[in-house]
Amino acid sequence: MKFFMLSLRYYGVFVMCGVISLIFLGLSQPVHGQLQSMENLDYPFEMQSQSLSNGKEIGYARFGDSGKNLIFTHGLASYAPAWLQQITDLSAEHTLWLIDLPGFGKTKKESSEISLKQLAADVIEWADHKGLDQFALVGHSMGGQIALHCAHEYADRVTDLILIAPAGFETFSTQEAAWVRSIFKPEVMVQMDEAQIRGSYGLNFHDLPPSAEFMIQDRLDIRSASDFPIYTEILSSAVSAMLDEPVFDLLSQITQPALVIFGEEDQLIPNQGLHAVQTEDIAKKGVQALPNASYIMVPDAGHFVQFEQASVVNKEIRDWLRTKE
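Oh and the sequence shown: position 140 is 140 in our numbering, straight run, nothing missing.
There's no promise every hint is true.
Under the rule of at most 25 Å between Cα atoms (straight-line distance), these lysine-lysine pairs were calculated in the DSS-like manner [unchecked claim]:
(1) LYS108 / LYS185
(2) LYS324 / LYS285
(3) LYS130 / LYS185
(4) LYS106 / LYS185
(5) LYS130 / LYS108
(6) LYS68 / LYS108
(7) LYS130 / LYS106
(8) LYS117 / LYS106
(9) LYS108 / LYS315
(10) LYS117 / LYS315
(11) LYS68 / LYS130
(12) LYS285 / LYS185
(13) LYS130 / LYS117
(14) LYS130 / LYS324
(15) LYS285 / LYS68
The hints are simulated quantities; they were obtained by calculation from the structure and are not laboratory data. Everything numeric in this text was worked out from a predicted model, so none of it was measured.
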């Protein structure tokens, strides 16, 4: 899935917030199906689609009808169901909009060109179509970096930020970025076998829960989809976009209230092969640069903290939003 900040320690191939080729031993490997297209993915809730002026589309599902409008932006190689654990708790007090970003999840994949700033503009155009003048953004990993671009470029629209294991706080030198880009190849993703796919998902968690199995199955199933090859190109392009459109130097200009949440056992941020620091060091670095931010470290949770420790994360989000009322 969406998520990985290139770890040499586990280096079986790569990656930054995306796919790591690693054999994860001891897991069962159930039979999985095949898909003709990624548009045929079976989500646990119904999605609708909104066409954009650039010919792309955003998929979305709405839950709740009160409180703040919360738009959830997923990470790299991820999709709207990544927020499944937030629906029941948070929709009781707020209106949730779970989206598939253009080129991800069930949306059409006609172009492999990705720009984070363009994705931020796409979110704003989609919000225009939905009549959402102001809203909070909840972003995970790459989705956090997109949310930060969105808050910077469209400050009058974004009222609050909830950043979950966000990309963008960790910075990379020109040499480091060039190396990451050079090894992130679509053909590697196409060739990953089941053990490697399961290993890559395992690195997103401190203790991979059985409830995450549906995401692994979806990743296995899309290998047969006709649009899977272009999807791997989209992921590769997205990694380049994350490197080419850094956000750290913009943080001092982002004044919206921000809540930052990291798992204490995040294996992907920081990049453990390149940067000898702790996850909390990255959290502090980003929060200190933001004028109006605080952070929380969640025990027994990895990069996918909102799924692995959902009850803790949901409570922190609910309590924080209540202070903004």
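Structure versus earlier hints, numbers of those that do not hold, lowest first: Hints 3, 6, 9, 10, 12, 15 are the ones this structure does not satisfy, whereas the remaining hints hold.
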